[in-house]
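Residue numbers (my numbering), protein chains in the order written: chain A, 23 to 170; chain B, 3 to 393; chain C, 1380 to 1711.
These are computed hints drawn from the structure, not numbers from a lab. One thing to keep in mind: the hints can contain errors.
Dumping the calculated BS3-like pairs for lysine-lysine here, alpha-carbon to alpha-carbon at most 27 angstroms [stated by the list, open to error]:
1. A:26 x C:1689
2. B:278 x B:191
3. B:237 x B:223
4. B:202 x C:1492
5. A:26 x A:144
6. B:291 x B:67
7. B:291 x B:278
8. B:202 x A:59
9. A:59 x A:26
10. A:59 x B:191
11. B:93 x B:67
12. C:1626 x A:32
13. C:1689 x C:1563
14. C:1492 x C:1626
15. C:1492 x C:1563
Predicted, not measured: the structure shown is a model, and the values here were computed from it.
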Amino acid sequence: MSLKSHSRSKAIHIMLVYTGGCNGCDIEIVNAVLSPKFDMEQYGVFLTWNPREADILVVTGPVTYDNRKPLEDIYNAIPNPKLVVAAGACALMGGVYKNCHGDIPSEEIEGPVENVIPVDAKIPGCAVRPQDVLAGVVAALPHLLNAD
Amino acid sequence: MEEKKAKKQEIIETEIQMGTVHPAALEPYRVRFFVEDEIIKDAEITIGVNHRGIERIMEGLPVEKANMLTEKICGICSNSHTWNSVRTAEKGLGVEIPDRALYIRVIVGELERLHSHLLYLGHGCETLAHETFSMRVFYIRETIMDLLGMIGGNRVQYGCSIIGGVRPRCELDDNRIRRILDGMDTVEKNVADFADRFIKDSIVASRISGTGYIPQEQALKLAVSGPTLRATGVKRDLRTDMFEYDNFDYEVITQDTCDVKAQLLMRVLEIFESIKIIRQAIRDLPEGKITDRSWEMVDTGIIESYIEVPRGTLYHSYAIEDGRVRHSIVRTPSMTNIGAMQYACIDNHITDGQLCIVQCDPCFTCSDRAIEVYDTNNNKLDKSILQSNIH
Amino acid sequence: MSYEISFISILEVIITLIIALFIGVLIPGIERKYVQARIQQRIGPPVTSSGLWASIKFLYKENIEPNSPAPGLYKAMPILCFIVVLAIFLAVMPYNYQFMAFSSLIAIVGFLKVEEIAYVLMGSLSKSVMSVNLRFPDHAKGSIRQGLLVSSIEDISSSRSLRMIIFGSFPLYLALFIPAVLSKSIYLSDIVAYQQAHGPFLFTLAGLIGAVIFFIGYMIILNEYPFSIIKAKSDVIEGPYMELASKYRSFVYVTRGFLIFTLGLVFCVLFLGVPPVLVSWKFILCVIVSLILPVIMAAISAFSPIFTNKQLYPTVLTSSAIGVLAMVIALF
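Let's have the full structure, built from the sequences with the hints guiding it.
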């Protein structure tokens, strides 16, 4: 493994963007980092709130109308190479909020996240479990390691 | 302390915007701080970022389906929403609930209060930038999360109520009861240790005492609810009015210093009361079935139900027509606490700004819905009247 | 005892520099894993992750033009900081003691001031996406107070670092001059010579108080919790560094560790009278002292929340007053 990919695998900065979910996934992801029980830092995964520092953007929530532009802004602010991990049922397919009237789409929801920014890995669950967050970030990692 | 108020004539130099994504906030909202040399003179919270139209989605759904949907209003107090929604339907349909189901609902409700209050403490410590305390609290919280996962089958969305009782999954057998009791012992000991350490820490004490002052009159004027109100010295807890809590012996905690310290201590002391309630519920847990499904679906008028949730008073109301939900309204406690959050920020340092918001235990994901504000004469208030009322 | 400049000595300085940079990038990991994570009862990140691998990783990232009114100046600041720290490092090297003006306390104070001014500039030049620039579709146009100057969160950080220059770094500068008062010279060579003759200042009363004050000033200038008001997570997120990406951010990472190590060397020279000479026990002592200081700092920062003005002013005032007291003691 080259120095480039080795260094990328050793220090991963993730940034969490919440786009209007129910708070469950956000707290579980923060929990995964902050709780000594899960302690994501032991695998070299750090939580950051600065898009310029981030490698992986973890998006939760169904991307409500008001959240679309902030999400795009933050995505554009992250330097390449970058990955997007969509976490939770809402981020994957809009959750219960999208299309719950059958054919009539809900105009509040712009999501799922794929409609707004490209997604590299998906973490299912409502709400996601902290273990799954780590698994999802690790699953997305090869894209990051092999990027230029 | 006299009432603090930002005068309109004052020259306010700068506006600082935080959000919608900010480390101190666990959810999207925007706050504007109007600062004069780092001292906040006024604050304005803009919500609406989270608006998903859940009440409109509920409109026309079968009642049971709508009840399940209310769980998705909030990821922190998910069970409370289900509980209150189910309670609304039960009230309208006149369903008799088995005693055992009521007790299990109370147990899960109190466990939820424990996890919500611990989350509040952890978030508060994180906003204080005290990582060690925050991690400690999150560590204690894991015990509760495990118990909730055991009862409801999921760590976060574990709502256990259905019309006529609780889900069969949530039956408490001896093994589960023993685990809950063990968990309560652990939590009680850990929280007591933590609180002891937290209160004795002089740096933390100097950060939190006197910060984010909300006087009692102002809290009543702004219609603050829940622990945030009780921390200003008003002994008002809706649990005293709820028939579910009739058989339990607990105290309504109040604090009188009205600052962040009072708010934090308030939650710590409520944790012990909740543990007390859970122990009583388990001791007196009646035998019998947990679900009574022998009810008839009828059309009802508008039904209203208020319960006390970890953050304050939760209101659900809808009518049932052909077994479907009509005209659903949900009012969450954070909605009424927003005024207090804005008020608490005034005259504080900008580093404390987010702390002052966090002290009212915000949950804007619950609260994001269209609102109309009426005054006592039933006149609808628009934005201009709101301005003249607040300032 | 004199040190001559020769090819060997230049080689020694370069080797010392490499060792210093290497230990410097390990320091954040040591702080995080062996101190803070132990206090927080968790495993913590790998030692090499948060300093070494993170800074190498950022070297390979794409460089995004910072959102700043003067991107060139903004990007030059981390490099300036690095050069300043390098200058301090060279000033404490015993081979440079013959350049009297360069290896004096005045020079060290001046270099540290440049570093602090860099924070002010970076703060005012950074316009991050995280506050005003976030495109938020505001349906309720306007606010209750209109027509105000809207500033981004880094501006607060900038004004705070300005305030830190005025009073925040006072304890450190007081502490730096206590050895000067004791040895009656501002030149490092004289301070070292005096201590080698009379024993380290650390074991005199004035020197001991001075060392404590130095440590408080050390925490303030390194912006570590609880003094990290210019990059407080609860309001300004990362403050001056918000817009730095790729190799400039890795400069920030390296500079921080290097500054921690260099200030440890300054402490050794001023309070122990031990200059970092590579092939002797003195260098090992220097390294140990330079590691003990951040370890104590990490332990303190793990146990304290962030200070606001209410706590910061009394702390700085008290430590400055004690510093003045130590100076008075040193005079007699």
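For the pair we were handed, residue 291 (chain B) and residue 67 (chain B), check the Cα-Cα distance against 27 angstroms. holds, 23 angstroms
Notebook entry, point to check: Does the alpha-carbon distance linking residue 1492 (chain C) and residue 1626 (chain C) stay inside the 27 angstroms limit?
Noted result: holds, 24 angstroms
With a cut-off of 27 angstroms on the C-alpha distance, tell me whether residue 59 (chain A) and residue 191 (chain B) pass.
-> holds, 18 angstroms
| task | Compare the distance between the alpha carbons of residue 93 (chain B) and residue 67 (chain B) with 27 angstroms, and conclude whether the hinted pair is satisfied. | result | holds, 17 angstroms
Next on the checklist: Check the hint pairing residue 278 (chain B) with residue 191 (chain B) against an upper bound of 27 angstroms on the C-alpha distance.
Outcome noted: holds, 13 angstroms
query = Are the Cα atoms of residue 1689 (chain C) and residue 1563 (chain C) separated by 27 angstroms or less?
reply = Violated - the C-alpha atoms of residue 1563 (chain C) and residue 1689 (chain C) are around 37 angstroms apart, more than 27 angstroms.
- Message: So if I understand the rule, the pair passes when the alpha-carbon distance is 27 angstroms or less; does residue 202 (chain B) with residue 59 (chain A) pass?
- Response: It holds: about 26 angstroms lies between the C-alpha atoms, which stays within 27 angstroms.
**Message:** Tell me if the straight-line CA distance from residue 202 (chain B) to residue 1492 (chain C) falls inside 27 angstroms.
**Reply:** Not OK: residue 202 (chain B) and residue 1492 (chain C) at ~37 angstroms, beyond 27 angstroms, violated.
query = Within 27 angstroms, alpha carbon to alpha carbon, are residue 26 (chain A) and residue 1689 (chain C)?
reply = Violated, at roughly 45 angstroms.
**Message:** Check the hint pairing residue 59 (chain A) with residue 26 (chain A) against an upper bound of 27 angstroms on the C-alpha distance.
**Reply:** With Cα atoms ~30 angstroms apart, residue 59 (chain A) and residue 26 (chain A) exceed 27 angstroms; violated.
### Given hint residue 32 (chain A) paired with residue 1626 (chain C) - CA-CA distance at most 27 angstroms
holds, 17 angstroms
Query - Pairwise hint evaluation, residue 278 (chain B) against residue 291 (chain B), where the allowed Cα distance is 27 angstroms at most - result: holds, 24 angstroms
Violated hints for the displayed structure, listed by number in ascending order: 1, 4, 9 and 13.
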